[in-house]
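Colleague: Sequence:
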Amino acid sequence: MPKLTQEEIVNYLKNYGFVFPSSEIYSGLANAWDYGPLGVLLKNNIKKLWWDKFVTSEENIYGLDSSIILNPLVWKASGHIENFTDPLIDCKECKNRFNAEKLINSLNLKGIKVNESTDLKLLDKIINDNKIVCPICGKFNWTPTRRFNLLFQTYQSVINDEKNKLYLRPETAQGIFINFNSIQRTTRSKIPFGVAQIGKVFRNEITPGNFIFRTREFEQMELEFFCEPKTDNQWFENYLDKIEKFLTNDLGIKKENIKLDEHDKDDLSHYSTRTVDFSFNFPHKWSELWGIANRTDYDLKAHSKLSNTSLEYFDPIKNEKFVPYVIEPSVGIERLFYAIICNSYEIEKLKKDEERIVLRLPYKLAPYKIAFLPLTNKLKDEAHKLYLKTIKNNISCIFDTTGTIGKKYRRQDAIGTKYCVTIDFDYLENKTFTIRERDSMKQKRINYDELLEIIKKHEQE
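So the sequence shown is numbered by my numbering: it starts at 61 and just counts up by one.
Hints are computed from structural coordinates only; laboratory data are not their basis. Some clues are possibly wrong.
[What the hints assert, rightly or not] List of simulated lysine-lysine pairs, DSS-like, C-alpha gap at most 27 Å:
1) Lys504 - Lys516
2) Lys516 - Lys74
3) Lys319 - Lys173
4) Lys162 - Lys191
Please read these numbers as outputs of a predicted model, since none were measured by experiment.
Can you build the whole structure from these sequences, using the hints too?
Modeller: Okay, here's the thing in C-alpha cells:
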C-alpha cells in the first residue's frame with residue numbers, strides 16, 4: 061500500500077469523528093485540534109493501556125497529578141527560563157516566522173548540522189553564506205536570529221506585571237521532582253521506584269504543524285524512574301526494551317515503521333547524558349515518537365539548591381544518603397495517536413474491484429469493541445436490547461440501524477470496531493446471531509454467552 065499523505069489522514073479523521081479543527085465555526089485556530097467522540101475513546105484507551113503496562117503491572121511505580129501552574133522558581137531551577145528557547149528568525153517579505161535551526165537542518169547542507177546550543181551569530185552566518193531563502197515566499201530577506209522562550213506566560217492577581225508572572229508547565233516531569241520527598245515518605249518506598257503522570261502541557265512553539273504531530277497544547281505520559289547511581293545504564297536499557305515491546309506487541313506498531321535514533325553528545329539537552337528516540341515513519345517524514353533520557357541527578361540537585369531543601373534518599377541498608385539518578389521515558393499522546401492511526405489505516409482491495417477502509421487496531425485500542433446491527437429495522441428492538449445489556453457490562457459498543465448490512469459493516473471497519481454482531485430472524489427462534497471479525501471478515505453463529513467469552517478472552521490478554 062502506498063504511503064498515506066497527511067491530507068488523507070486529516071480528512072479521514074475529520075470525516076469519521078476522530079479529530080476536528082478547533083474553533084471551526086469561527087474559521088478555526090491555527091494548529092489547534094479537538095478530539096471527537098471516536099478520538100476521545102481512542103485517546104482514553106491509549107492512556108489506560110500505557111498506565112496498565114507502565115504503572116499498575118509494575119512494582120513500586122506510583123501516580124501523581126500535579127498542578128499545571130507551578131511556582132516560577134520551579135522553572136528557574138529546571139533551566140527552562142534560561143535554556144528552553146528556540147532560535148527565531150523572521151522573513152521580512154512575507155512576515156512568516158521560522159526556527160532557524162530546523163530551517164538550516166531541513167536543507168541537509170553538506171558538512172553543516174546545527175543544534176539548540178549553536179551560537180546565533182553562527183546561524184546567521186550559515187544562512188547568509190548559503191543564501192538560504194524563505195521556504196514560503198522564496199525571498200532572501202531575513203531579520204537577525206534571536207532567542208525565543210517557549211514557555212507560555214500567564215499572570216496571577218489582577219495586575220499583569222513581572223511580579224505576578226507565571227508559566228504554564230512545558231512538561232509534567234518537574235511536578236514529580238518537586239514532590240519527591242512527599243512521595244517517598246508517604247509510600248515508604250525504597251530506591252528504585254518510579255512516579256508516573258499523565259497531563260496537559262503547553263509549549264509556545266514558533267512553527268507548530270504537521271497536523272497533531274506538533275501543537276502548542278498537548279498531553280504527555282511521563283515516567284520518572286529513580287534509581288541508585290551506577291545502576292542507571294541498566295535501567296535505561298530495561299526501559300528501552302519495555303518501550304519497544306509496548307509499541308510492537310501492545311499497540312501493534314509494525315517494526316518497519318519504527319527505528320531507534322541515538323542523540324549525539326552535541327544534541328543532548330542540558331540535563332541529559334544519554335537520550336534515545338523511537339522514531340516513527342510519519343506521513344511528513346521520520347520523526348520522534350517516544351523519547352527516553354538519562355536525566356542523572358540534575359533536577360533533584362537543582363531544586364535542592366534553589367529551594368534549600370534536601371531531595372536526597374537515605375539508604376537504610378548502606379546507612380548513607382545519595383541523590384538518585386532518573387531515567388525518563390516520555391511520550392506525547394497526540395503523537396502516539398497519530399502514529400497508531402497511520403500504522404493501522406489501510407485501504408484493502410476486495411473482489412470485483414471493490415475496496416474497504418479498515419482500521420486494524422488492536423482490540424484494547426478499538427474505540428468500539430462490538431457493533432450491534434439489526435438485519436432490518438423490524439429487528440432493531442432486539443438488537444437494541446442486546447446493546448443495552450452489553451454496555452451495562454462496561455463494554456464499549458455501538459448500535460447502528462442506518463443503511464444496508466454491507467454499508468454498516470464498511471462503516472464499522474473504517475472506525476476499527478473489532479466485531480459486528482448481526483441480529484437476523486433466526487435470533488427470534490434460537491437466540492443465536494452472526495458475529496463478524498473485522499480483519500478476516502469471517503463470520504459464525506454464536507449465542508450471547510459465547511460472545512461474552514470472546515470479549516473476556518481479549519480483556520485477559
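Colleague: Now, for every hint given, state plainly whether the structure supports it.
Modeller: Verification of the supplied hints:
1. Lys504 - Lys516: holds, 18 Å
2. Lys516 - Lys74: Violated, at roughly 32 Å.
3. Lys319 - Lys173: holds, 21 Å
4. Lys162 - Lys191: Holds, at roughly 16 Å.
Hint check: a violation occurs at hint 2 only; the rest are consistent with the structure.
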